[in-house]
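Chain by chain, the residues:
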Amino acid sequence: MAKIIKVITPLTDEVVFSLKAGDTVNITGYIYTGRDAAHKRLFSLLQKNEKLPIEIKNQIIYYVGPAPTPPGYACGAAGPTTSYRMDPYAPALLDKGLKGMIGKGLRSKEVVESMKKNNAVYFHAVGGAAALIAKSIKKSEVVAYEDLGPEAIHRYYVEDFPAIVVIDSKGNNLYESEPPKYAK
Amino acid sequence: MREIEVDKVKDKVKELFLRANYHIGEDVLMALKEAREKEVSETGRSVLNMLLKNYKIASDEEIAICQDTGLAVLYVEIGQEVHIIGGNFEEAINEGVKEAYVEGYLRKSTVDDPVFARKNTGTNTPAIIYTSIVPGDKIKFMVTPKGFGSENMSALSMMKPADGPEGIKNFIVETVRKAGPNPCPPTIVGVGIGGTVDKAFVIAKKALLRKIGEHSRDERYARMEKEVLERINNLGIGPGGLGGRVTSLAVNIEYTPTHIAGMPVAVNVCCHAARHAEGTL
Chain A
0 MAKIIKVITP
10 LTDEVVFSLK
20 AGDTVNITGY
30 IYTGRDAAHK
40 RLFSLLQKNE
50 KLPIEIKNQI
60 IYYVGPAPTP
70 PGYACGAAGP
80 TTSYRMDPYA
90 PALLDKGLKG
100 MIGKGLRSKE
110 VVESMKKNNA
120 VYFHAVGGAA
130 ALIAKSIKKS
140 EVVAYEDLGP
150 EAIHRYYVED
160 FPAIVVIDSK
170 GNNLYESEPP
180 KYAK
Chain B
0 MREIEVDKVK
10 DKVKELFLRA
20 NYHIGEDVLM
30 ALKEAREKEV
40 SETGRSVLNM
50 LLKNYKIASD
60 EEIAICQDTG
70 LAVLYVEIGQ
80 EVHIIGGNFE
90 EAINEGVKEA
100 YVEGYLRKST
110 VDDPVFARKN
120 TGTNTPAIIY
130 TSIVPGDKIK
140 FMVTPKGFGS
150 ENMSALSMMK
160 PADGPEGIKN
170 FIVETVRKAG
180 PNPCPPTIVG
190 VGIGGTVDKA
200 FVIAKKALLR
210 KIGEHSRDER
220 YARMEKEVLE
230 RINNLGIGPG
240 GLGGRVTSLA
250 VNIEYTPTHI
260 AGMPVAVNVC
270 CHAARHAEGT
280 L
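Each protein sequence line maps, in turn, to chains A and B.
26 is the number that numbering that gives the first Met the number 0 gives to position 27 of the first sequence; each next residue is one higher, with no gaps.
233 is the number that numbering that gives the first Met the number 0 gives to position 234 of the second sequence; each next residue is one higher, with no gaps.
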């Protein structure tokens, strides 16, 4: 088993800089959720130079639209959504101090360049492991855009949220480096 | 004529969507366990282990396997001796979907207008319903909640007949290669060949309902399925797209007659969960 690195939020520049593509991590602390519709709104506020409803400096955004919370649970099923749809908006958020993103799947060149420039990290969560991942979410509250339903921005308190560093702040990318090793 | 109350239709649809969203199929479980044995990448094995754990939690606790509980897609075969009474058939189906998604804590993922308002309908309806009239006095429902991480990776090629089987194989493999980690590999690949653009996709999606391990009854297509699966697994994408030998669990090809001038090929990608359930009234 690979060694598991504990990551605490909010992130610091030192921690982000030290994380390498391939590191298995457990994330503990507060993280924010956001997907298509919330990103569109955040981006339009940034374009107008207006204040965001959440402070994103040194934070992590998890690309997820959770299932409703069943009685007795802290959170419904909450696995990652595919990240590329947030690519048009991510660089602007990284410029504002966002340090981490959790999702699944490929990112655009622009996002990777912005991650290098701003010292940020992209974590892979296992797509489809939504019921399992939800076990690490201990508290959930909607903090913005409640009208968006599953797409509202939630603040989660997570304990040992399982993820893998898939693109690090130097631009090393497991999605590019690993498949050729297993190709025939 | 056999009379069937619409209320029975509603209850059956509700039951099937709950089952499909909570309980993974035995065939998928078997395939993933086999994949775990075969996988040489340590990360790949750990992803597969997480998926198996996830399926167990979802099933034991009856919570959604995946937060993307999909658009509600149904294939319904209606016996021609059936008389549906007590209301509107499609309304009953939508009511069943709504009850499953609202009462079952499943995510509502349907927006009313695809371009402008994109307002969530709050019920996960309207469902996408394909009906066919068949002999007999029963109604058979095959339901599949279709997630969009994989749906977005689907592709169509209006190929020339001269492209032949090689052209088709290359197109399927290329579609999966381009999708990379996005559709939650290991995937199931549904392929529809022939018909018109729309027909090709209808049969491609229906191909996803086939049990893993079953092949086309036509030997030539069965061979194509096996060859394409091997080539896909040779891409090295692996579980989660993090590298490995298991990229797809199955390639299922359906075919249908087409025009003398064409050879439509539709590829519909599905995540590892391949959620589906069927039942009969």
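These are computed hints drawn from the structure, not numbers from a lab.
This structure is a prediction, so every number in the text was calculated from the model and none was measured.
Among the clues, some could well be false.
Said to hold, decoys possible - Derived DSS-like pairs (lysine-lysine); straight-line CA-CA distance at most 27 Å:
| id | chain 1 | residue 1 | chain 2 | residue 2 |
| --- | --- | --- | --- | --- |
| 1 | B | Lys225 | B | Lys168 |
| 2 | A | Lys169 | A | Lys180 |
| 3 | B | Lys107 | A | Lys39 |
| 4 | A | Lys39 | B | Lys177 |
| 5 | B | Lys210 | B | Lys168 |
| 6 | B | Lys107 | A | Lys138 |
| 7 | A | Lys50 | B | Lys118 |
| 8 | A | Lys138 | A | Lys50 |
| 9 | A | Lys134 | B | Lys139 |
| 10 | A | Lys2 | B | Lys55 |
| 11 | B | Lys7 | B | Lys137 |
| 12 | A | Lys183 | B | Lys7 |
| 13 | A | Lys19 | B | Lys137 |
| 14 | B | Lys52 | A | Lys2 |
| 15 | A | Lys180 | A | Lys137 |
| 16 | A | Lys5 | A | Lys137 |
| 17 | B | Lys37 | B | Lys118 |
| 18 | B | Lys11 | B | Lys210 |
| 19 | B | Lys55 | A | Lys137 |
| 20 | A | Lys39 | A | Lys116 |
| 21 | A | Lys180 | A | Lys115 |
| 22 | A | Lys134 | A | Lys180 |
| 23 | A | Lys2 | B | Lys32 |
| 24 | A | Lys115 | B | Lys177 |
| 25 | B | Lys118 | A | Lys180 |
| 26 | A | Lys183 | B | Lys177 |
| 27 | B | Lys32 | B | Lys210 |
| 28 | A | Lys5 | B | Lys52 |
| 29 | B | Lys168 | B | Lys7 |
| 30 | A | Lys47 | B | Lys137 |
| 31 | A | Lys134 | B | Lys55 |
| 32 | A | Lys134 | A | Lys5 |
| 33 | A | Lys169 | B | Lys177 |
| 34 | B | Lys137 | B | Lys52 |
To be verified - Computed spacing ranges between beta-carbons, pair by pair:
| id | chain 1 | residue 1 | chain 2 | residue 2 | range |
| --- | --- | --- | --- | --- | --- |
| 35 | B | Glu60 | A | Glu175 | 18 to 24 Å |
| 36 | A | Glu158 | B | Val101 | 54 to 60 Å |
| 37 | A | Gly28 | B | Asn48 | 22 to 28 Å |
| 38 | A | Lys56 | B | Gly278 | 29 to 35 Å |
| 39 | B | Gly135 | A | Thr23 | 49 to 55 Å |
| 40 | B | Lys32 | A | Glu158 | 47 to 53 Å |
Cβ atoms here follow ideal geometry from the backbone N, Cα and C, with glycine treated the same way.
Right, here's what the structure says about each hint:
1. The suggested pairing of Lys225 of chain B with Lys168 of chain B holds, with an alpha-carbon distance near 11 Å, which does not exceed 27 Å.
2. As the CA atoms of Lys169 of chain A and Lys180 of chain A are separated by approximately 21 Å, the hinted pair is consistent with the 27 Å bound.
3. Between Lys107 of chain B and Lys39 of chain A the alpha-carbon distance is near 20 Å, which keeps this suggested pair within the 27 Å criterion.
4. Note on Lys39 of chain A and Lys177 of chain B: the hinted pairing holds, with a Cα-Cα distance of about 26 Å set against a maximum of 27 Å.
5. With a CA separation close to 21 Å, the supplied pair Lys210 of chain B and Lys168 of chain B stays within the 27 Å bound.
6. Distance check on the hinted pair: Lys107 of chain B and Lys138 of chain A sit about 21 Å apart at the alpha-carbon level, within 27 Å; holds.
7. With a C-alpha separation of about 25 Å, the suggested pair Lys50 of chain A and Lys118 of chain B falls inside the 27 Å cut-off, and the hint holds.
8. Note on Lys138 of chain A and Lys50 of chain A: the hinted pairing holds, with a Cα-Cα distance of about 26 Å set against a maximum of 27 Å.
9. Proximity of Lys134 of chain A to Lys139 of chain B is assessed by CA-CA distance (about 36 Å); at most 27 Å being required, the pair is judged violated.
10. In summary, the hint linking Lys2 of chain A to Lys55 of chain B is supported, as the alpha carbons are separated by about 25 Å, within the 27 Å threshold.
11. A C-alpha spacing of about 12 Å is found between Lys7 of chain B and Lys137 of chain B, which places the hinted pair at or below 27 Å, so the restraint holds.
12. With a CA separation close to 52 Å, the supplied pair Lys183 of chain A and Lys7 of chain B exceeds the 27 Å bound.
13. This hinted pair does not check out: Lys19 of chain A and Lys137 of chain B have alpha carbons roughly 58 Å apart, beyond 27 Å.
14. This hinted pair checks out: Lys52 of chain B and Lys2 of chain A have alpha carbons roughly 20 Å apart, not beyond 27 Å.
15. This hinted pair does not check out: Lys180 of chain A and Lys137 of chain A have alpha carbons roughly 37 Å apart, beyond 27 Å.
16. For the suggested pair Lys5 of chain A and Lys137 of chain A, the alpha carbons sit about 17 Å apart, so the restraint of at most 27 Å is met.
17. Between Lys37 of chain B and Lys118 of chain B, the direct Cα distance comes to roughly 44 Å. Violation of the 27 Å bound is thereby established for this hinted pair.
18. Between the alpha carbons of Lys11 of chain B and Lys210 of chain B the distance comes to roughly 21 Å, so the proposed pair stays at or under 27 Å and holds.
19. Distance check on the hinted pair: Lys55 of chain B and Lys137 of chain A sit about 20 Å apart at the alpha-carbon level, within 27 Å; holds.
20. With a CA separation close to 22 Å, the supplied pair Lys39 of chain A and Lys116 of chain A stays within the 27 Å bound.
21. With a C-alpha separation of about 25 Å, the suggested pairing of Lys180 of chain A with Lys115 of chain A holds against the 27 Å cut-off.
22. Taking the CA atoms of Lys134 of chain A and Lys180 of chain A, the gap is about 33 Å. The hint is violated against a cut of 27 Å.
23. A threshold of 27 Å between alpha carbons decides the hint, and for Lys2 of chain A with Lys32 of chain B the separation of about 24 Å falls inside it, so the pair holds.
24. Annotation: proposed proximity of Lys115 of chain A to Lys177 of chain B holds, straight-line Cα distance about 24 Å (limit 27 Å).
25. Between the alpha carbons of Lys118 of chain B and Lys180 of chain A the distance comes to roughly 44 Å, so the proposed pair goes past 27 Å and is violated.
26. Using a Cα cut-off of 27 Å, the hinted pair Lys183 of chain A and Lys177 of chain B holds, with the two alpha carbons roughly 17 Å apart.
27. Distance check on the hinted pair: Lys32 of chain B and Lys210 of chain B sit about 15 Å apart at the alpha-carbon level, within 27 Å; holds.
28. Between the alpha carbons of Lys5 of chain A and Lys52 of chain B the distance comes to roughly 22 Å, so the proposed pair stays at or under 27 Å and holds.
29. Proximity of Lys168 of chain B to Lys7 of chain B is assessed by CA-CA distance (about 43 Å); at most 27 Å being required, the pair is judged violated.
30. Proximity of Lys47 of chain A to Lys137 of chain B is assessed by CA-CA distance (about 59 Å); at most 27 Å being required, the pair is judged violated.
31. Proximity of Lys134 of chain A to Lys55 of chain B is assessed by CA-CA distance (about 13 Å); at most 27 Å being required, the pair is judged to hold.
32. For the hint pairing Lys134 of chain A with Lys5 of chain A, the CA-to-CA distance comes to about 17 Å; that is within 27 Å, so the pair holds.
33. Among the hinted pairs, Lys169 of chain A with Lys177 of chain B is consistent with the structure: their alpha-carbon atoms are about 24 Å apart, no more than 27 Å.
34. The straight-line distance between the Cα atoms of Lys137 of chain B and Lys52 of chain B is roughly 37 Å, outside the 27 Å bound, and the hint therefore fails.
35. A hinted range of 18 to 24 Å is violated for the C-beta pair Glu60 of chain B and Glu175 of chain A, which are about 37 Å apart.
36. Take Glu158 of chain A and Val101 of chain B: their Cβ atoms lie about 30 Å apart, and the range 54 to 60 Å is violated.
37. In this structure the hint that Gly28 of chain A and Asn48 of chain B lie 22 to 28 Å apart at CB holds, the actual value being about 25 Å.
38. The hinted window of 29 to 35 Å between Lys56 of chain A and Gly278 of chain B is violated, with their beta carbons roughly 52 Å apart.
39. Gly135 of chain B and Thr23 of chain A have their C-beta atoms about 54 Å apart, which keeps the hinted 49 to 55 Å range intact.
40. A hinted range of 47 to 53 Å is violated for the C-beta pair Lys32 of chain B and Glu158 of chain A, which are about 29 Å apart.
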